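Could you build the full structure based on these sequences and the hints that come with them?
These protein sequence lines map, in sequence, to chains A and B.
When we follow the numbering used here, the leftmost residue of the first sequence carries the number 10, and every step to the right adds one.
When we follow the numbering used here, the leftmost residue of the second sequence carries the number 10, and every step to the right adds one.
Just so you know, the hints here were simulated from the structure itself, not pulled from any lab data.
Just so it is clear, the structure is predicted and the values come from calculations on it, not from any experiment.
You may find that some hints are simply not true.
In silico lysine-lysine, DSS-like type, Cα no more than 30 angstroms apart, as pairs [to be verified]:
id	chain 1	residue 1	chain 2	residue 2
1	A	Lys84	B	Lys77
2	A	Lys18	A	Lys43
3	A	Lys87	B	Lys77
4	A	Lys157	A	Lys309
5	A	Lys15	A	Lys29
6	A	Lys84	A	Lys155
7	A	Lys43	B	Lys190
8	A	Lys102	A	Lys43
9	A	Lys155	A	Lys43
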Amino acid sequence: MEKYDKLEKVGEGTYGKVYKARDKVTGQLVALKKTRLEMDEEGIPPTTLREISLLQMLSQSIYVVRLLRVEHVEKNGKRLLYLVFEYLDTDLKKYIDTYKRGPNPRPLPSRVTQSFLYQLCKGVDHCHSHGVLHRDLKPQNLLVDKDKGILKVADLGLGRAFTIPLKSYTHEIVTLWYRAPEVLLGATHYSIGVDMWSVGCIFAEMARRQPLFAGDSELQQLLHIFRFLGTPNEDTWPGVSSLRDWHDYPQWKPQSMALALPMLESDGIDLLSKMLEYNPSNRISAKDAMEHPYFDSLDKSQF
Amino acid sequence: MPGVGEMEAAAAELNAQQAVGAVANALEKLVARNDLVTAATIAEEGGGKGRGVAAFRGLRRPAISIEKYMERIHSYSLCSPACFVVAFVYVDRAVHRRPDLLVGSLNVHRLMLTSVMVASKFFDVMAQSNAFYAKVGGVSNAELNNLEIELLCLLDFNVNVSSHEFESYLSHLEKEMLASKTHPNFANHSGIGGQQNYV
Ligand SMILES: Nc1ncnc2c1ncn2[C@@H]1O[C@H](COP(=O)(O)OP(=O)(O)O)[C@@H](O)[C@H]1O
Ligand SMILES: [Mg+2]
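And the structure:
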C-alpha cells in the first residue's frame, strides 16, 4: 500500500483496524479498513463481502459513507483487501462525548440534534429504498464532519439485502442497546422497523448525551425498555405474547417521555414516541419521519 | 417494499432438487455448446493456479456431473436452495462482463462451487466456511480462497440480486427445464453467454 501514508489508527473493529491515511498522489485524506485475507479457513469475511457490495449500491447518497475503491494487494504471497473510504473527522459517539466531558460540558445544540437526525433518516431511507437493512445503527457507526455539520451512515458490515429472504434471520444483529424489542423477543422475521428503533435510541442519546437503554444482557435490555415504555401486552402490541422468547414480565406503566427528556420539545417527543412504537408494523418509517413537524423549523433545502 | 412478499414466497417454495435440476439443465446445455467451440484450444494451462478467468479451469474434466456435484454441495453445506439460482446469476453476470469466459466442462464445477459459496455467504444467515466448501468440492482451501477473490473481481463485488432479477432468472430456468423435457433435442435457445440478458 505504497500509495498511502498511514497517519493514525482511528478505530478497531471485528475484522481489522481502521487508519486515517493520505493518498500520496492526490493528497486526499482517506480511511483505510484492512481485511485480513490470509490463507485462512473463512476466506473473505461475510461482513466484508456485504459491506463492499452493499456500499457499491448505496454510495451515491451523500448520507452514506463513500467507498472510494477496494485495493486488492499481494504482499509476500498474502492477499489483503483494503477498503478505501472518504475520511470524516469523527463519529457520533466521540462527538457526543465532547459535549459530555472535557472543559465545557453542555447539551448538544438542538439545531445540531435536529439536523443530524434528519440526515440519519435520509441515509436510512436511502438504504431501505434499496432493499438494505443496516441492522447495526449506533453512534459509533455514524460518521460526522464537525465543521460542515454532516452526518453519514457507515459500517454496513451487518447490513443485509432483504430482497431475497432465504432462511429466517436470527438475532445476530445490532449492539444490545440499540436492539429492537421484537429482536430481543426472538422474532424470526423482522424488517425496517429494527433500524427505526435504533434511530429512536440514537435520537434520545443525542438529547440526553447518554444511551437511552443501557442493558448488559438481553433480559436487562428488555426490562429497561419495559420500565420506560410500559410492559407491552396484546392491546399495545398484538401478537407480542406469541413471540418465541415472551414470558410473563413485571408489569410497568409507561413513563412520561416529556418528563424523562425535558430537553426535547413536544414535536421531538412525538417523533421519538413514533420511533419507539412497540408494534413494528406501526413504527414510523424513515421517509415518514422526514415529514414530521419536528423538522418543520429545519431548512431542508440544504440537504 | 413491493415484490418482497412474492419473492419470499418464491424463494421459500423453492426446493433444492428443483433448483439444482433447473440450474444444472441450463448449465449442461451451455457447456455442451461451448465445449464444441473450445474443443481445439483447451488445457495448455490450468490447474486452478492462473489468474482471472483462467483460474477456474481445471486440467481435466471432472468425472462427476454438474448436477450431482451441486447436489453434493447442497447436501453437505445445507445452503438455501435459492443460492443455486443466485450462483447462476453470478456466472451469467461474469460471462457478460468477460466475454472471454467460456463456461465449459473444465471450469463449470469450480465456477459453481465458488459462486454457490459466495451466494450463501452473502444471503444466508449461517454460511459454511471456505475450508468446508473446499473439502466438499474437492479443491484445496488455498485454491478456493483464490477463486473466491477472482470471482469477486470478475463481478466487481456486485453480488446482490434483486427480487425482480431473481424471479426472472428463476422463471427462465424453469421454462428451459420444461422445454428440455418436451423437446430434449431442440431446447437449446438463449443460454447464458448468448445475446440475451434475462432481466
Ligand atoms: N471513513 C471514516 N472516517 C473516519 N473514521 C472512520 C471511518 N470509518 C470508520 N471510522 C472509525 O473507525 C471505527 C470503526 O469503523 P467501522 O467501519 O465501524 O468498522 P467495524 O466494523 O470494525 O466496527 C468507527 O467507529 C469510526 O470511529
Ligand atoms: Mg462499527
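Unsatisfied constraints (hint numbers, rising): 1, 3, 6 and 7
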